[in-house]
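*Asks:* One-letter residues, chain by chain:
2 protein chains.
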Amino acid sequence: MSEFERRIYNFYGGPAMLPTPVMEKAASEFLNYRRSGMSIMEVSHRGKLFEKVLDESLALLRELLSVPENYEIMFLSAGASLHFSALPLNLLHEGESADFAITGIWAKKAMEEALRFNPVKKIYDGEDHKYTEVPELDDSMVNPGAAYVYITSNNTLLGSRYPKFPKLTKAPLIADMTSEILSRKIDISQFGAIFAGAQKNIGPSGLSVLIIRKDLLGRSKRTIPVLMDYALTAKNKSMYNTPPTYSIYMSKLVFEWLKEKGGIDAIEKINEEKAKLLYDYLDTTSFYQAAVKPSSRSVMNVVFTLQDKNLESKFLAGAEEKGLVGLEGHRLVGGLRASIYNAMPREGVVALIDYMKEFEKKA
Amino acid sequence: MSEFERRIYNFYGGPAMLPTPVMEKAASEFLNYRRSGMSIMEVSHRGKLFEKVLDESLALLRELLSVPENYEIMFLSAGASLHFSALPLNLLHEGESADFAITGIWAKKAMEEALRFNPVKKIYDGEDHKYTEVPELDDSMVNPGAAYVYITSNNTLLGSRYPKFPKLTKAPLIADMTSEILSRKIDISQFGAIFAGAQKNIGPSGLSVLIIRKDLLGRSKRTIPVLMDYALTAKNKSMYNTPPTYSIYMSKLVFEWLKEKGGIDAIEKINEEKAKLLYDYLDTTSFYQAAVKPSSRSVMNVVFTLQDKNLESKFLAGAEEKGLVGLEGHRLVGGLRASIYNAMPREGVVALIDYMKEFEKKA
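Chains F and A are the protein sequences, given in the same order.
Following the UniProt record's numbering, the numbering of the first sequence begins with 1 at its first residue and continues without gaps.
Following the UniProt record's numbering, the numbering of the second sequence begins with 1 at its first residue and continues without gaps.
Hints are computed from structural coordinates only; laboratory data are not their basis.
There's no promise every hint is true.
Same chains, same names: a pair is fine if it fits in one copy or spans any two.
Said to hold, decoys possible - Taking lysine to any residue and the SDA-like style, the derived pairs with C-alpha atoms no more than 20 Å apart in a straight line are:
no.	residue 1	residue 2
1	Lys48	Val333
2	Lys25	Ser295
3	Lys221	Arg116
4	Lys221	Leu232
5	Lys164	Phe117
6	Lys221	Glu94
7	Lys167	Arg213
8	Lys121	Lys362
9	Lys221	Phe117
10	Lys108	Tyr240
11	Lys164	Pro119
12	Lys108	Met239
13	Lys185	Glu24
14	Lys48	Gly323
15	Lys185	Glu268
16	Lys362	Phe287
17	Lys122	Arg346
18	Lys237	Leu332
19	Lys48	Lys314
20	Lys25	Val142
21	Lys361	Pro163
22	Lys130	Arg331
23	Lys309	Tyr355
24	Lys48	Glu321
25	Lys221	Asn118
The whole structure should be built from the sequences, with the hints applied where relevant.
*Replies:* Here it is as structure tokens:
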């Protein structure tokens, strides 16, 4: 039995499971990258070995997401929270306002951080119905003078997502896609910028990706800390400072794996099938309950509860025994959650459903 | 022959060589961390597996550097450049000034970034003698009203360092120790704060460490981007957001290795021996030249030139053939540089000297 066969199914919200072939490839060259006698982790970011990794990773991401030429792609250190601060600093003049659609906790956090630097306006708040659905946005909701409209495309904690994105003309749409980037087809040209922390569908934590329309770079003339300055990062091709080299290397392996699997079209189909299996089962029983409205359900994070909440810890313990880990909901919302990102194979979802059925029967 | 025997000697300035036993340990549990069936890279930062890693890493660092109780230790995403912006934002009131001793390019960069947010004063500038020595600082040089005095303790590019640190009473001393942290004994109580990017003596790039006197936290009441807010990071025990979990895991392995080796006392002795071997050889010949004044010489970065600069590329190519890589100087200064951080074994330095002698003879 290879060590890897002991692998279990990991449903963590993030840092999350990475594709098994990616992990195996990374393990195989961990100590000796391409016969260099060194790990890719140990080489200078200015050396040929790493520069090739960086270039290839950026090119693969551009290809996978069909990013138009008038958009920059860059890597930054740290995750989405960096952009919560960086977006107002880079895109808003002093005193200028941005619009926020609040569909969950991350959008709220992003708005609160922006508010420390600029005025903000809420154009939607799902609090009344406990964020169980997402709105249909359109130009009529955009406030006059709003420099951008901010959304969280997939709500990791609550298990909802925008089934489709608006084509706004009154202000650029900015989306936090941390928990669903690379999982579904998107038309980049509908967005002013998208960003994502790496730790769900891209690679290890401590890295984020930003895709931004070039004309938005340098829009504000404010004093921005260097590592949050999008224009400076773009100008220096993600190498203003020493980037998180190993995380970028891992991201390249993930992009290669995804391309080989058939790209976004192929993974989107697989993701929809996986999610459908789980939701279809949830819809057949009242033992488990999924609160999110069907049309707003996330394909990445399936959030549910037990009708009898007292059974939760028993459910989680039993799952762990079966090698199904990370099913606890986010500490801010409780309940249960199965994060089924790109790396989760169909078999993992099937194993989870089998366990859920068994648990229901026994209870 | 194990794959690892093909390892070469890597003199990169950073990201740099990591200790061979650390790399082997990391490789051995890369796919399956402690029989969890997962990589430590793939688990939630809020789960027990990672929280233990984080706690242990912070505790080891406190132990290795004998950090007093009145200092916080924290991890932040990104390297030293983050602190170039974060220091003025966290420690200076609007309009308040800080003092800078310019002993090289990194101190200059830190000062220039601080200057974007606050007034700064230079209390020393080694430009006239091309930064070939570092000053002896004392209270008499500190400007009235300076909120802190900033130094770069070791100058990676130029190969100089402070042989000893001043005991200032007029303002706290803040030191960028990126390229020498954990390489020599220091008395933390002489400093208001020290920080270091991880990619030389700690672990992979994309992580930094900050050790700061608790009374300095929250000193400024400014609006600081969340990921740069030291007080917020401390309050959240380095987990305000998802930290770079794998890099923190690697840092723990490095700290364990260092402790096992005998801690800072032991490594300092080894480091001094390694550097002495190299400098002693450089002092016997005019074929190679080391510009830095002997009392200011770095123990981590040995910077030298060839008397005949035309031989540089031949020197580098010959070195690579011998498995000695990364000897080119920093792109901003040129010349040659052997970075001999904690991870570089004595044998690597001996192999380098052998090659240098041979090259000299043949030339």
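*Asks:* Taking 20 Å as the upper bound on the Cα-Cα distance, should Lys48 and Val333 be classified as within, between, both, or neither?
*Replies:* between (46 Å within a copy, 19 Å between copies)
*Asks:* First find the shortest C-alpha distance between Lys121 and Lys362 inside one copy, then the shortest across copies, and answer within, between, both or neither for a cut-off of 20 Å.
*Replies:* neither (50 Å within a copy, 73 Å between copies)
*Asks:* Since the copies are identical, ignore which copy is meant and state whether Lys48 and Lys314 lie within 20 Å (CA to CA) inside a copy, between copies, both or neither.
*Replies:* between (52 Å within a copy, 18 Å between copies)
*Asks:* For Lys361 vs Pro163, is the C-alpha pair at or below 20 Å within one copy, between two copies, both, or neither?
*Replies:* neither (33 Å within a copy, 71 Å between copies)
*Asks:* One pair to classify: Lys221 and Phe117, alpha carbons no more than 20 Å apart. Within, between, both, or neither?
*Replies:* Both. Shortest intra-copy (14 Å) and inter-copy (14 Å) distances satisfy the 20 Å Cα cut-off.
*Asks:* Can you give me the call for Lys48 and Gly323, within, between, both or neither, at a CA distance of at most 20 Å?
*Replies:* between (41 Å within a copy, 16 Å between copies)
*Asks:* Checking an output row: Lys309 and Tyr355, CA cutoff 20 Å. Within, between, both or neither?
*Replies:* Within one copy, since 17 Å is at most 20 Å while 70 Å is not.
*Asks:* Using 20 Å as the alpha carbon limit, work out where Lys221 and Asn118 are close: within a copy, between copies, both or neither.
*Replies:* Both. Shortest intra-copy (14 Å) and inter-copy (17 Å) distances satisfy the 20 Å Cα cut-off.
*Asks:* With identical chains treated as interchangeable, where does the CA-CA distance between Lys25 and Val142 reach 20 Å or less: within a copy, between copies, both, or neither?
*Replies:* neither (47 Å within a copy, 54 Å between copies)
*Asks:* At 20 Å max between alpha carbons, let me know whether Lys25 reaches Ser295 within a copy, between copies, both or neither.
*Replies:* Classified as neither: same-chain Cα gap 38 Å, cross-chain 47 Å, threshold 20 Å.
*Asks:* As a check of your reading, is Lys362 near Phe287 (CA-CA no more than 20 Å) within one copy, between copies, both or neither?
*Replies:* within (12 Å within a copy, 82 Å between copies)
*Asks:* Using 20 Å as the alpha-carbon threshold, which applies to Lys130 and Arg331: within, between, both, or neither?
*Replies:* within (16 Å within a copy, 55 Å between copies)
The earlier numbered hints that this structure contradicts are 2, 5, 8, 11, 13, 17, 20, 21.
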